[in-house]
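Enquirer: Listed here are the chains, written in short residue letters.
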Amino acid sequence: MSKRIDVEHLNVYYGDFLAVEDVNINIDSRSVTAFIGPSGCGKSTFLRTLNRMHEVIPGAYAKGKVMLDGEDLYGKGVDPVTVRSMVGMVFQRPNPFPTMSIRDNVLAGVKLNNKKISRSAADELVESSLKGANLWNEVKDRLDKPGSGLSGGQQQRLCIARTMAVKPDVVLMDEPCSALDPISTIAIEDLIHELKEQFTVVIVTHNMQQAQRVADKTAFFNIEGTGKPGKLVEFDETATIFQNPKQKATEDYVSGRFG
Amino acid sequence: MSTNLSDQEQKQAGEKPASALADAASAGGRAGDKIFSGLSLGAGIVIFLTLAAVAIFLTWQASPVIEIPADEVSGGNGFLSYVYPLILGTLMAAIIALLIATPVGILVALYISHYAPAKVAKPVGYVIDLLAAIPSVVYGAWGITVLSPALAPFYNWLANNLGFIPLFQGPASATGRTMMTAGIVLSIMILPIITSMSREIFVQTPKLHEEASLALGATRLEMIRQAVLPFARTGIVSAIMLALGRALGETMAVALVLSTGGLQWSLIRSGNNTIAAEIALNYPEAFGDRLAELIAAGLMLFVITLIVNFIARAIIARYKEFSGAN
Ligand SMILES: Nc1ncnc2c1ncn2[C@@H]1O[C@H](COP(=O)(O)OP(=O)(O)O)[C@@H](O)[C@H]1O
Ligand SMILES: [Mg+2]
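Line order of the protein sequences matches chains P and B.
In terms of the UniProt record's numbering, the first sequence is residues 1 to 259.
In terms of the UniProt record's numbering, the second sequence is residues 1 to 326.
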């Protein structure tokens, strides 16, 4: 399953501080969308509001609407726990659970909420998720070894497998390659191409080449100065953003004339 | 380890003294390294020697026990039958204390670290730490004057309703000065150790792993089970061991609270005794063979503590591969 995301007039606050102002964006299902922009412009903050992970930070809250196929994630009676099982997230630094084996890491999300799963169904899910994350061949002989023994790139793919195993509708990625070497980065980028056949993928990236390699559409966020809120400046086809942007700020940023 | 390092560095320094790399700054750093590794080695040796000295002293002072005829030992049946009720009593008190303090301590620590708003967490943590600063005599006095009488009716009830369980066999002590009361007092004394050590570890759980769990759709409780507790496991074991050490060795509280006597499986009748309390109560008047007996009992306590620590190490080592330290 894969769902579209529609955001209307979203403002995000850290206490009194308005970090992201009035974002409106429509993200198609089965597509890859990249968020680019200078550091501190609120990409991570905004991304986290798409699965309510910002609520983990004390004092952080959002106002506005985020709709997943028309259903408001912030509607009355919506449990953030449910939201997060529909909208998965991969973080900047690979974070497999160090005390769990590779196999248990893949199953970590599946076993939540007291869900019982048969041994054979679990085996199948582990295999399909690891295959989906292009990791199966590298780890199939050591599924019972700790996940923390893998290389950084492998760990990140393990985290992607863990997210996929929950069968979310959307996968959010916050700079998933910034802690990885170039070879591992290519592996993850290849994977992102495959992921969009099943999921709606949103990726924050610092790397503009990466945005051009993986994203169908790109959103450029900007900030006018410190203490000012970040804003969505332009959102369009990736090719348009990089070759023919409508906004001056976007052009300055993608051509490297920024700051 | 530290000695190896300094050996290596000495060699390197000796081989190429004129190297451009061996400038003044790094030479100073090396001297610092050497001094530090020397100091830490020294500290290690001091601790080891102290421990060895204690063991040797105890063994030497206790050795006459072997030669005392069985009928001259307290109780009249040899040292072993004198000491084993004390060992069991010691373990009973410590186990009761741990059974109560471990879950309570961990829950309170989790509440402070992951549930309470900062405004509440601070004072609660502070009060718990204060508990550790109260001298054990005060606990003992409180145990006799307040807790024991308060619990006596409850023990009566236990004897009447659950008396078929050997641990609650009646008739219950009228004063309430029982093994159970002693264990409860001990549990309150060791609560701060478990709570503050666990809390310290819980708050160190990497945000990374907490968020990993939450992002998979975990509730807060599930996140705690998935990310916090596994991370804290070895730390919790250490906290429990430290607490157990205190419970095993605690003298005053038990000596004051417990109305001592022979071995007794019922926890709500008077009777039983612990090694530490036995020593504290009898040491002042003891001399000759009696003194050797008490010291030998102390040696037993020393051995129990060592065994407990080895078990703890073994538990920790079993999880090493999955500790996240690699
Ligand atoms: N936990 C937080 N508490 C308070 N302010 C924060 C927090 N995280 C981020 N911010 C602020 O929000 C703004 C956006 O940050 P962020 O979303 O991390 O930017 P980006 O991911 O684009 O680099 C910054 O001004 C940052 O200082
Ligand atoms: Mg960021």
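There could be a bad hint or two in this list.
[What the hints assert, rightly or not] In silico lysine to aspartate or glutamate, EDC-like type, Cα no more than 16 angstroms apart, as pairs: (1) K65/P / D16/P; (2) K63/P / E8/P; (3) K207/B / E197/P; (4) K111/P / D123/P; (5) K131/P / D141/P; (6) K167/P / D141/P; (7) K116/P / E72/B; (8) K3/P / D22/P; (9) K111/P / E222/B; (10) K115/P / D33/B; (11) K228/P / D16/P; (12) K167/P / E124/P.
It is worth saying that the hints were derived from the structure and are not from the lab.
Enquirer: May I ask which of the numbered hints given earlier this structure violates, with the numbers listed in increasing order?
Expert: Per hint list: 1, 3, 6, 7, 8 and 10 violated.
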